[in-house]
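Starting from the known structure of chain A, arrange chain B with the ligands on it as the hints suggest.
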Amino acid sequence: MDSIAIELRGIDKSFGPVHANKNINLKVRKGTIHGVIGENGAGKSTLMSILYGFYQADSGEIHVDGKQVTIRDPNAAIAAGIGMVHQHFMLVENFTVLENIMLGAEESQILNKGIAKARDELKRLEREYALEVNPDAVIEELPVGLQQRVEILKALYRRADILILDEPTGVLTPAEADHLFRVLEQLKSQGKTIILITHKLREIMAITDEVSVMRRGEMVATRTTAETSVEELAELMVGRRVLLRVEKGEAKPGDVKLSVNGLTVKDGRGVTMVDNVSFNLRAGEIVGIAGVAGNGQSELLEAISGIRRAVSGEVLLNGKPINVTGHVDPKDLRDRGLAHVPEDRHHVGLVLKFEECENAILGYHHDKRYLNGVFLNVDAIRKDAEQRIAEYDIRPPNARLKTANFSGGNQQKIVLAREMERSPDVLIIGQPTRGVDVGAIEFIHKRIIEMRDQGKAVLLVSVELDEIRALSDRILVMFAGRVVGERDPDATEGELGLLMAGVEGRKEAAE
Amino acid sequence: MSNPYAKLPGWVEYGLIPLVNLAVAFLVAGLVVLLVGENPLEAAYHLINGAFGRGEYIGFTLYYATTFIFTGLAVAVAFHAGLFNIGGEGQAYVGGIGVALACLWLDQTMPWFVVFPLAIIGSAFFGAAWAFLPGWLQAKRGSHIVITTIMFNFIASSLMVYLLTRVLKPLGSMSPQTRTFAEGGQLPKLDWLLSIFGLDIGTAPFNVSFLLALVAAFGVWLLIWRTKLGYEMRTMGHSPSAARYAGMSESRITVITMMISGALAGMMALNPIMGEQGRMQLDFVQGAGFVGIAVALMGRSHPAGIIPAAVLFGVLYQGGAEISFEMPSISRDMIVIIQGLVILFAGALENMFRPAIARLFATSSRRAAVVAQTKGA
Ligand SMILES: Nc1ncnc2c1ncn2[C@@H]1O[C@H](COP(=O)(O)OP(=O)(O)OP(=O)(O)O)[C@@H](O)[C@H]1O
Ligand SMILES: [Mg+2]
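If you read the protein sequences in the order shown, they are chains A and B. For the first sequence, full-length UniProt numbering assigns the number 1 to the initial residue and increments by one for each residue that follows. For the second sequence, full-length UniProt numbering assigns the number 1 to the initial residue and increments by one for each residue that follows.
The list that follows gives simulated cross-link-like pairs (lysine-lysine, BS3-like), each with its CA atoms no further than 30 Å apart:
#1 B:Lys140 x A:Lys353
#2 A:Lys368 x B:Lys228
#3 B:Lys228 x A:Lys402
#4 A:Lys383 x B:Lys228
It should be emphasised that the hints constitute simulated quantities derived from the structure, not laboratory data.
Just chain A, same shape as in the assembly (with noise of 0.2 Å):
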């Protein structure tokens, strides 16, 4: 039992004046889930890559089982029972299940064949580990958590014994998390070996059995999983000590700022997202709307900010109406002081192929002090761009590096100071720290409470419950595109937890 499954000795990766590995050495022992965790740019996907054949190590040794191996590609992980489960998946969206798990592994040319055999080792693996998904089931059709799962069959089918899973959670919703950990259980009993990298430290703690820290690069611990505790883990990998939990004073709401009244929104299928839903949202408070992903969450926030046409409803921004059902330009709305960091940065909030001093633009683009005329002004736009990487400690600090080569965390803050810098007198955040480490966490928290402070509106859309619970001044539980609830932040997760599901909500309704 205790031996090792994977030994990594010295391994170093740099991307150009990026030192993103430096000297790592890790042992994982067989049969164990092992967690890594590490602030956002700390090098964790890219050592996993390196182990997946993505990146070349430019110095150092893999030892897989005992023996050292060469792993120049993904093919040559797997035929060293390595797989990984990427954050973004990798499946081909309009195959079936069955057709994407032997896509690349069909043995003879002759499909049908290899289709009848795999069917048949995909229902032994199902029935092995408890990873029910249907065959024939089109990739697209299948919720995200269900899509993971087949990430998971696509690597076992591959016969891996060692599974890496670069951040799972981050798009699950509670529920599928848990049922991932109870398959990750499954598949540990069963001998296989798991790396599991994570930002949430009540996962680490949760399921792994040891859990190595990394840092700027480094690889500065390793702990014992029962021997440990979050605000270790959380001082290891920051360098200091974090808050977990933001302190924050009495909220002291004054006017009206933005008025939601009876907005409802349907999908581009015509299926209703957001019914009739009604709220206000007033300076120097915190609406937090709590839910479980998908009940409307991100069309409400889509229709407020002009993303999104409603079909009925009327907004007021400071008293003055939005034409939420018609034509709305977000530019008008910028200039009457509502600001909006969108959910899904990738897409929205950002063009990643853009330097990242060409995002912290986007949107405000149109703003004298960057222009010359028709032409934009570099120089203020760098200088700006490189004012607010240093009070908003974007790393590396780099206002020409392309925005995909910065981490998620690091991406996250180029949107934020973005769009809290101009002061709005609303501020609207989806997700505003899905992917991000304990450490810029806290300090995204501290930013948006001192906003609340400086008595400006600010709404907040997040599925992670902790978060909704530390920072509202009110809380509103939707389910089912409605506001089933409103609560106050000292409700207690299970309360929450009920309306989140829907339960509590139809009684409170019906009353």
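Frame of chain A; chain B with the ligands shown alone:
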């Protein structure tokens, strides 16, 4: 993470990889020449000699390059906004109307430097107008630009046949072309530019529109990377959802981008009409609009890449003509095949050798790192 291959240094990315692609294209082309029973080395000699052997040849090469710079820029501008303008051919053709009108109107009374600016405006205007319609149809009606621009190429072709046989043809002439312009409608050659290098331009039609092409290339660089409009175009090209979030109007950008693209394609007409023939003829564009797509692909939509790519295609055109002249068993069609191979390897299969080169480079840099370490120790 999403990029399975490590980022390569600039000289590999923009130098080595295109060169390897080009070399392979020529290698395969050589095999084709071998297949028709000719000596590929001899063909290569005629290609190079035909393109560079004499001042006159160089003049021709650069004359073609001028044309391709315009059409390449046209395609590139649209690319940046995520639009695939296949209508450069038609836009250039219709752009010719603007050139012809300016020349027919003023050639007998005004010097070239008065007519030229008007012809530039005219060609850009007509080219832009011809691109406006597909742009507008996509913005307002959702008709895909790839389809509509192809259709507009055919319409342009019919329109020009009509104009050149019925309207612009001088009375009593039997050929479908305008009258030959007087001196004011003909652009001076750049013989002085070649003579700086001790070259004699001979009969080559290398003319001042080459300088205009260089200015246009700089203008495109300014537009794309240094103006607000260019910023909006690039945002839309990379991520339409981010553009919507930022409050950029997709239909406005689509229409404007297409008009700029069309204007650049239209300006191509200056080169053959005012610079070479001194009149507008049927089919003067001769596929340059399509070559522009390959040029933009090879040049990665960057003006600094488009100019060398346009010169390369100039070489293929001029040198290719020389091959078919010197080696009669290699027909004009063979030259088209060779050009096709270049497009295939440099454009469509651009990434074919990238993984191998990336791997080679990764191992060599690792070795270098190890060497550096042992040295340090
Ligand atoms: N392809 C790349 N080119 C240049 N720099 C890169 C590249 N990939 C990663 N980096 C840099 O390497 C460092 C480590 O990145 P990595 O993605 O491994 O971090 P991480 O620990 O996974 O962070 P996160 O928790 O945000 O996912 C970062 O500074 C990042 O900007
Ligand atoms: Mg990562």
